[in-house]
Structures are given as structure tokens and as C-alpha cells.
Amino acid sequence: DAKTTQPPSMDCAEGRAANLPCNHSTISGNEYVYWYRQIHSQGPQYIIHGLKNNETNEMASLIITEDRKSSTLILPHATLRDTAVYYCIVRGSQGNLIFGKGTKLSVKP
Amino acid sequence: DAGITQSPRHKVTETGTPVTLRCHQTENHRYMYWYRQDPGHGLRLIHYSYGVKDTDKGEVSDGYSVSRSKTEDFLLTLESATSSQTSVYFCAISARDSGNTIYFGEGSWLTVV
Chain L
1 DAKTTQPPSM
11 DCAEGRAANL
21 PCNHSTISGN
31 EYVYWYRQIH
41 SQGPQYIIHG
51 LKNNETNEMA
61 SLIITEDRKS
71 STLILPHATL
81 RDTAVYYCIV
91 RGSQGNLIFG
101 KGTKLSVKP
Chain U
1 DAGITQSPRH
11 KVTETGTPVT
21 LRCHQTENHR
31 YMYWYRQDPG
41 HGLRLIHYSY
51 GVKDTDKGEV
61 SDGYSVSRSK
71 TEDFLLTLES
81 ATSSQTSVYF
91 CAISARDSGN
101 TIYFGEGSWL
111 TVV
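Chains as they are written, first to last, in the working numbering: chain L, 1 to 109; chain U, 1 to 113.
Hints listed in this document are in silico derivations from the structure and should not be mistaken for laboratory results. No experiment lies behind these values; they were computed from the predicted model shown. Each hint should be verified, as a subset may be incorrect.
To be verified - Derived lysine-lysine pairs resembling DSS-like cross-links, with alpha carbons at most 27 Å apart:
1) L:K3 / U:K57
2) L:K3 / L:K104
3) U:K11 / L:K101
4) L:K3 / L:K69
5) L:K52 / L:K69
6) U:K70 / U:K11
7) L:K104 / L:K52
8) L:K101 / U:K57
9) U:K70 / U:K53
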């Protein structure tokens, strides 16, 4: 099953863009990349997912490199409420999401 | 938000007692999952279901069993709870396999004393 690698922590100033990187060099051609976040001990919240093309929704943008070995989640105008652990995830052979340890994003005033 | 309800949300039980956690969905999704989350381990898959009466093991299935007699309900049972099963348990649902979003419930906090 494909695995992902993320930096353990990042800081971002409130109102600025937060760019969260993820490496998934072993991903196969038909595996989607998903991003979730978890605030405190709440259930993981879906943000966005993509296969090859860049994606954008009301929460964030997802930029996937052409070789699909890495991606970046962009929160365009981070707020204090975006402080959370962000997970870059691929789906395993059982259809499940394989979670790593994620990136702890701290948005500071 | 996806219609997922976990019960109980909090439970304290004694070692050796059976415990059942329930996940109920109103989305009619085919796939359902049980994860546990522990400090330093992220979320790990316990069991999953791909239809009524169709279940399979995840990476940390020892000590757990599941049942799915209806589309909307997925039960996780600890036959004889141990302290190592103290954890936060999350249920998740998905419409299909690849390409579909998986939605998570709010979690069930289980403490085994």
C-alpha cells in the first residue's frame, strides 16, 4: 500500500496562505490522494481529493505534480480555526484510508 | 455533514467485560469502517464492511469482531475488553471504493480499567 510523508509541523500567519506538502512517491496510477484534517480529537474532516489534475473547492486547493509523486494542499487565507493536524492520505488495497502522523498546522495571529 | 451516529460516545468498562460500539448511518453507503486512534499511531483500520454480512479484517483486528446485518448499522464488539483497547474509535462510511470520499463519525471514547 502506498504511503505518504509529511513534515511533522508548520506555522502560518493568520490571513496568509498555508501550503502543506506531501510526498507519495509510491502511489500507483489509479490511486487518489486525499486530504483530511482533525481538530483536537474530533472525527477527521474531509477537505479535498484528486487523482491527476489540480482541484479546488470552497475549503482549499490541491496541486498534484505531473509525476504524481507529491502534492500540496493550499489554504488560501488561513484563520485561527484552521489550526489542526492535516493528513495526506491514499487509499489502501482494502479501500481504507491509510493515515500517517500528519502535519500539525499552527495558525498564529 | 454525513449522517453518521456513533454510540455510546463515552464508556468506561472493566477488563474482561464485553463491549459493543454501534455505528449508524443514514446515507445508504455500501462501505463502513472502524478505526482506532492512539497517541503516536494515527488512525488504524480495525475492520471494514463492503456490504450486508460482508466484512473483512484490517491491520489491528485482533480482539475485535464486527457484524453488519443491515446496511445502516455496523457493530464493533470487544469480546473481552483489555486495557490495551482503551482508545478512541471512529466509524467511517463511503459510497464506493476508489475515488469516493470517506466520512467519519465523531468518535467513541472507550476506557478499559
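Each hint, compared with the structure:
{"no.": "1", "hint": "L:K3 / U:K57", "result": "holds (19 Å)"}
{"no.": "2", "hint": "L:K3 / L:K104", "result": "holds (18 Å)"}
{"no.": "3", "hint": "U:K11 / L:K101", "result": "holds (26 Å)"}
{"no.": "4", "hint": "L:K3 / L:K69", "result": "holds (11 Å)"}
{"no.": "5", "hint": "L:K52 / L:K69", "result": "holds (11 Å)"}
{"no.": "6", "hint": "U:K70 / U:K11", "result": "holds (24 Å)"}
{"no.": "7", "hint": "L:K104 / L:K52", "result": "holds (25 Å)"}
{"no.": "8", "hint": "L:K101 / U:K57", "result": "holds (22 Å)"}
{"no.": "9", "hint": "U:K70 / U:K53", "result": "holds (8 Å)"}
Hint compliance for this structure: every hint is met.
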